[in-house]
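S.K.: From first to last, the protein sequence lines are chains V and D. Under our numbering, the very last position in the first sequence is 235; numbers go up by exactly one each time. Under our numbering, the very last position in the second sequence is 235; numbers go up by exactly one each time.
Derived from the structure by calculation, the hints contain no laboratory data. Fair warning: there could be bad hints in the mix.
What the hints assert, rightly or not - Just a sample of chain V residues kept apart from chain D, beta carbon distances all over 12 Å, derived:
hint, residue
1, 13
2, 220
3, 222
Unchecked claim - List of simulated lysine to any residue pairs, SDA-like, C-alpha gap at most 20 Å:
hint, chain 1, residue 1, chain 2, residue 2
4, V, 44, D, 143
5, D, 231, D, 123
6, D, 125, V, 117
7, V, 44, D, 145
8, V, 130, D, 123
9, D, 44, V, 149
10, V, 184, V, 221
11, V, 142, D, 119
12, V, 130, D, 126
13, D, 61, V, 87
14, V, 44, D, 149
15, D, 130, V, 120
16, V, 61, D, 88
17, V, 44, D, 148
A virtual CB, placed ideally from N, CA and C, is assigned to each residue, including glycine.
Number of protein chains: 2
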Amino acid sequence: MRYELYYWPTIQGRGEYVRLVLEDAGADYADVARGKGGTAAMMKMIERNGPTPPFAPPFLKAGRLVIGQTANILHYLGPRHGLAPKAEAGRIWLHQLQLTVSDFVAEVHDTHHPIGVSLYYEDQKGPARKRTAEFWNERVPKYLGYFERLLAASGSAYITGRKATYVDLSLFQIVEGLRYAFPKRMQAFERNIPSLVALRDQVAIRPNIKAYLASERRIAFNKDGIFRHYKALDL
Amino acid sequence: MRYELYYWPTIQGRGEYVRLVLEDAGADYADVARGKGGTAAMMKMIERNGPTPPFAPPFLKAGRLVIGQTANILHYLGPRHGLAPKAEAGRIWLHQLQLTVSDFVAEVHDTHHPIGVSLYYEDQKGPARKRTAEFWNERVPKYLGYFERLLAASGSAYITGRKATYVDLSLFQIVEGLRYAFPKRMQAFERNIPSLVALRDQVAIRPNIKAYLASERRIAFNKDGIFRHYKALDL
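Assemble the whole structure, with the sequences as input and the hints as a guide.
M.R.: Here it is as structure tokens:
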């Protein structure tokens, strides 16, 4: 089966967590909106009233299913591609971790858009500076500290043990994103998360991920995505 | 099996979506933190390094499982208590809807805390007013418009048809919460969401929900929860 991924064609954004899974798994997929007429096709899927219309990208077409919400997509793909256990208890635990990643990603977004998505960053610079300070003082230590403890406790390269899961791929993306958006803050912070940094390195050399990162399929970080670099926010 | 729900004892918050499911299902459960020594027991569960330590409340102890993240808990409980289909496609769709509810709830929270949770509302009143305006101009129409369209398309009392699901219980809570926090804004907005209002009424008269709402187990809305009433934010 050839999957169809629908996501904004010029950013990594939330779609990237799905792309990393599809790439690591060597799955057959089309990144639809990056093809000709693809964004229009994506909008049509959202607007037309099919039986399960997605609220927003990313969504995945898998045969007759159309699955929205990033963590839901990974929950579906994981056990089918060896990136999650098949047993219920393990799947629930992994999904719980991924939902915590999702919460963190939303907070990353709000560092540059604390007042609202319909306004420009330039119109919310003051609040963005305050929210970013709070983010690095309170939220980053809380979230990354949690994952760091889990990794240290696993005693393995990956968060649930010897085998990589989709959560590990997402944590790779988190480290990469924070390095891009907040290079100075992240450099100072990394001493607190040695296991997460080692995990990042471990994921980066997985053959399929390495090939993906070197390919044109990997969109570069930029100022339209979730991780954005603004000098004023990186002390 | 007797479930143990762990959540902050003085607010509805995110725990309420779980309480509504347990109550509607007539499930046997303890709301642990509301009992003697319960909050300390909850903090212990978070701090000690069990195999699956939750990041934050709410979490549910179900036999040997400890399940965190609200939507994950409902995904687990739903098919076990007749509040979700058992087949995979239906479960995925319902979970997708619930994750969209979760996103909306996070945005509700940020209307009064756009800069950060570690600061008082009083220290972020200006940004809160701006974020709330954006919330009502852009986000409420987008989210509630989505659920309204789905409900209208279902042609039934509930969002996926004749049978109530945990998503319906959550949408009840959303309408109730917005009415409490923003009575004026919500009154003006309700004409746009007749199906959601009808759904709210339908859920409110379900016998177990009705009994729950009239009991002391239902904590009243208040200024520590996610839905908070501040006059300055309700025009």
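S.K.: Looking back at the numbered hints, which does the structure fail to meet, lowest number first?
M.R.: Violated: none.
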